[in-house]
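All chains, full assembly: derive it from the sequences and hints.
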Amino acid sequence: MRWLRTFGEVVRSGLTIEETRLEPLLALRTAAGVAIVIGPALWLVSPAYAASAALGAYSAGGATFQRTWRPRKVIALGAGAGLALSTFVGYLAAGRLVTFLPLLAVWAFVAGMAWALGSTAGIVAATTVGSMLVTITLPTSVGRALEHAGVIALGGMAQAVLILLFPIRRWGAHRDALADALAAVADYARRLRHDPTAPFDPEPLMTARDAAAVTPSQARTRPPVLHGPRGLAERILPVVAALADPDVGAPAEGPGRDRARELLDAAADVLDAAARSIRRGTPAEVPPGSADVLRVDEEDEVLEGPARQAAERLVELLGEALEIAGSGGARDKAPTPPGPVSDKAPTPPGPASAQFLVRPTMFRLLPVVVRAVRHELRRDSPVFRHAVRLAAVATLGYLIASRLPLDHGYWAPIASVMVMRPDFHRTYARAVARLAGTLAGVALATGMVRVLGPEAHVFGALAVVSAALSYTLIRTGYAYSQCFTAAYVVFLLGMGGQAWEQTVPERVVLTLLGGALAMLAYVVFPAWETPRLPGRLADWLAANGRYAAAVLRSYAEPTREHRADMRRALLASRKARAAWQEAYDQARQEPVRPRGLTSREAEEAQEALKGLDRAAMLMESHVPQADSRFAPEAERFAEALEADTAQAAVDVREHRNPDWGRVEEALHAWEGAAGDRSPVLRRGAELQKRALEDLATAVSRTPLERDVGSAREEQRVRAAVAAEGDGSGPAHRGG
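All residue numbers for the sequence shown refer to our numbering, where the first residue is 58 and numbers rise by one.
A few of these clues could be false.
DMTMM-like, lysine to aspartate or glutamate: derived pairs with alpha carbons at most 20 Å apart [said to hold, decoys possible]:
#, residue 1, residue 2
1, Lys746, Asp708
2, Lys746, Glu722
3, Lys667, Asp642
4, Lys746, Asp304
5, Lys746, Glu696
6, Lys632, Glu664
7, Lys746, Glu661
8, Lys667, Glu722
9, Lys632, Asp622
10, Lys130, Glu80
11, Lys632, Glu614
12, Lys632, Asp258
13, Lys632, Asp642
14, Lys667, Glu291
15, Lys632, Asp252
16, Lys667, Glu80
17, Lys746, Glu721
18, Lys667, Glu260
19, Lys746, Glu692
20, Lys632, Glu433
21, Lys746, Asp642
22, Lys746, Glu660
23, Lys667, Asp304
24, Lys667, Glu750
25, Lys746, Asp716
26, Lys667, Asp258
27, Lys746, Asp244
28, Lys632, Asp237
29, Lys746, Glu728
Hints were generated in silico from the structure; no laboratory data involved.
Here it is as structure tokens:
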């Protein structure tokens, strides 16, 4: 993928409208917070104070729209405090470049390192850099600087008070995350009806787990419905996969396959009903036909063996899901399997007895922050490189802008800071989107200013309306929210007496300069993910090997400790898979040549590791109970699998061909062992061996292939680009 083609994709990405659910009530409440601080400050004090208050309220309100599982009022207070601190400290160092530039560089570097804590912390920290650049031009003394800092903090407090007084969908983000996890498993069940080996993306389950981590104070107020269904979704996932799989579940054809399709369809209906119940806070309603399908008849059931066990387990888990999500008549509609299956159904834990994932409180967050930042303080870290770029661009932009004959030179470094992200694609897409949004916004605001004339109170009202529209569109695309953000800034400056004839051209020129600096910084000091792909793949392979070995050990010796090890290994495998997927997606959007892994090899290796993960998941669905007998063959195979995958991870990282000698030897010895009591276990081991062979085929190359692999990949990309250019290439799906 070359620069020209990449830039075309960047432009399309930056101007794309994202399909998302708008939240007008949240936008209205946040805009009201802006109005509450602008109105009195404009009426009682001065436009300068109103501008400071608006900065705090607007930035703190925008921070509450970022994805976070902490209470929104805490985010608003934290953002307001950070903005106030940066304002005051910036003013103390302002006046001389020799003092202000080092402060700006250090502050921007720390803001860049805040990405180690997540995107919300990184974005909020970037706004504090912008606040420092803007407000150092407003106060005239230390006392006035303290006043402006206090007014900015007051804007954050106003947003927090409104959130406290007018809560909208309390726990709404947590409900959505849990409902999305259940809906993802429902969608997976439906896809398994037509493709028994369909892959599953665990991202919704990972998000739901992240959302489930709460502080002790949150645990006391969390709705009871958020306590149990996430674990059920985790347990239902391998069961539906095992039921659908023709190797370890229902037969490929015949009445058994038809019965499996019916059960999968009914399971999807039940999970969708539970998801709707959790999302909306209403009773779960399952179609009567689906409830009838989920009744396992002891005499007439056509499924046998492991498939029969999976069906019974699925019905049991679905009944438990509806007991948690449903209320009123919903429980009467829940499928109640006869006989011993229903007797085994456990009672869902209540709020008093439910265990919760602990999230550190704000006061205990400091050690977590220190560990996260220390982990990223290395040259090859994308977060560290982003922090260096941010510090360099902020100081360079301020220096360049201070030499220009413009009154608002700080707009250039602000534009750079607000568009820069740790990865190439988002930085470039946001730079394009910010320029396009700024052009549209200033054109809109300019037209309104010319029509309405200079009137501070009118401009204040228009600024509030622009803020409301910006909040409303904040999740539909950066360009569209930035359009009204630019209009908001123009109205705010007009409220302070700035002439639009001067501010509008300055805004456009300096935004273009800031975006260009941000884009140039990534070319000079990049953090490409393409060279890191072999390492990410090796990490995923090693984590998958540990997870598969943990599942095998749970068969070999079914104990509580081994089950806990299996759970920890599964979470580590998902984390490694998510890191690989993020790196792989970014690498596909980078204009650099493949190094170590071509695009085709990476795609084939990814499919092979998904197969290894899926084989372990199928085996997990039939892990025996604690009173089962010891299986020494599984233990030997687990040791061989873990050892070979660990060594193969080293080989992949160092561009050597992997070898599965121990696995082949252990599987051959297993074939000669007597008393194989679990067909699912034996078949799962064979599927794991096949996935490892597919991986070796994907990444193994001769010395000659290693030399010419990159050249072939380059030729393939060029041919694809040429085919798209003359219209002979394949049509895009959905277009």
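Outcome of the hint check:
Using a Cα cut-off of 20 Å, the hinted pair Lys746 and Asp708 holds, with the two alpha carbons roughly 18 Å apart. In summary, the hint linking Lys746 to Glu722 is supported, as the alpha carbons are separated by about 11 Å, within the 20 Å threshold. Using a Cα cut-off of 20 Å, the hinted pair Lys667 and Asp642 holds, with the two alpha carbons roughly 16 Å apart. Distance hint between Lys746 and Asp304 is fulfilled; the C-alpha atoms sit about 14 Å from each other, no more than 20 Å.
With a C-alpha separation of about 14 Å, the suggested pair Lys746 and Glu696 falls inside the 20 Å cut-off, and the hint holds. Using a Cα cut-off of 20 Å, the hinted pair Lys632 and Glu664 holds, with the two alpha carbons roughly 17 Å apart. Of the pairs offered as hints, the one joining Lys746 and Glu661 holds, with about 16 Å between alpha carbons and a cut-off of 20 Å not exceeded. Between Lys667 and Glu722 the alpha-carbon distance is near 23 Å, which puts this suggested pair outside the 20 Å criterion.
Annotation: proposed proximity of Lys632 to Asp622 holds, straight-line Cα distance about 15 Å (limit 20 Å). Between Lys130 and Glu80 the alpha-carbon distance is near 17 Å, which keeps this suggested pair within the 20 Å criterion. For a cut-off of 20 Å, the pair hint linking Lys632 to Glu614 is broken: about 26 Å separates their Cα positions. Distance hint between Lys632 and Asp258 is fulfilled; the C-alpha atoms sit about 12 Å from each other, no more than 20 Å.
Annotation: proposed proximity of Lys632 to Asp642 holds, straight-line Cα distance about 15 Å (limit 20 Å). Only pairs whose Cα atoms come within 20 Å are accepted, and Lys667 paired with Glu291 is accepted, the gap being roughly 17 Å. Distance hint between Lys632 and Asp252 is unfulfilled; the C-alpha atoms sit about 26 Å from each other, more than 20 Å. Under the criterion of a C-alpha separation no larger than 20 Å, the hint pairing Lys667 with Glu80 is inconsistent with the structure, at around 36 Å.
For the proposed pair Lys746 and Glu721, the alpha carbon gap of about 8 Å is at most 20 Å, so the pair holds. Among the hinted pairs, Lys667 with Glu260 is consistent with the structure: their alpha-carbon atoms are about 14 Å apart, no more than 20 Å. A distance of roughly 15 Å separates the Cα atoms of Lys746 and Glu692; the hinted pair therefore holds under the 20 Å criterion. Simply put, Lys632 and Glu433 have alpha-carbon atoms about 17 Å apart, close enough for the 20 Å limit, and the pair holds.
Restraint check for Lys746 and Asp642: the C-alpha separation of about 27 Å exceeds 20 Å, so the hint is violated. At roughly 19 Å between alpha-carbon atoms, Lys746 and Glu660 fall within 20 Å of each other, so this suggested pair holds. The hinted pair formed by Lys667 and Asp304 meets the criterion: a straight-line CA distance of about 16 Å does not exceed 20 Å. Distance restraint check for Lys667 and Glu750: the Cα-Cα separation of roughly 13 Å lies within the 20 Å cut-off, and the hinted pair is therefore satisfied.
A C-alpha spacing of about 12 Å is found between Lys746 and Asp716, which places the hinted pair at or below 20 Å, so the restraint holds. With a CA separation close to 10 Å, the supplied pair Lys667 and Asp258 stays within the 20 Å bound. Taking the CA atoms of Lys746 and Asp244, the gap is near 28 Å; set against the 20 Å cutoff, the hint is violated. Annotation: proposed proximity of Lys632 to Asp237 holds, straight-line Cα distance about 19 Å (limit 20 Å).
Annotation: proposed proximity of Lys746 to Glu728 holds, straight-line Cα distance about 13 Å (limit 20 Å).
Violated hints, in rising order: 8, 11, 15, 16, 21 and 27; the structure is consistent with all others.
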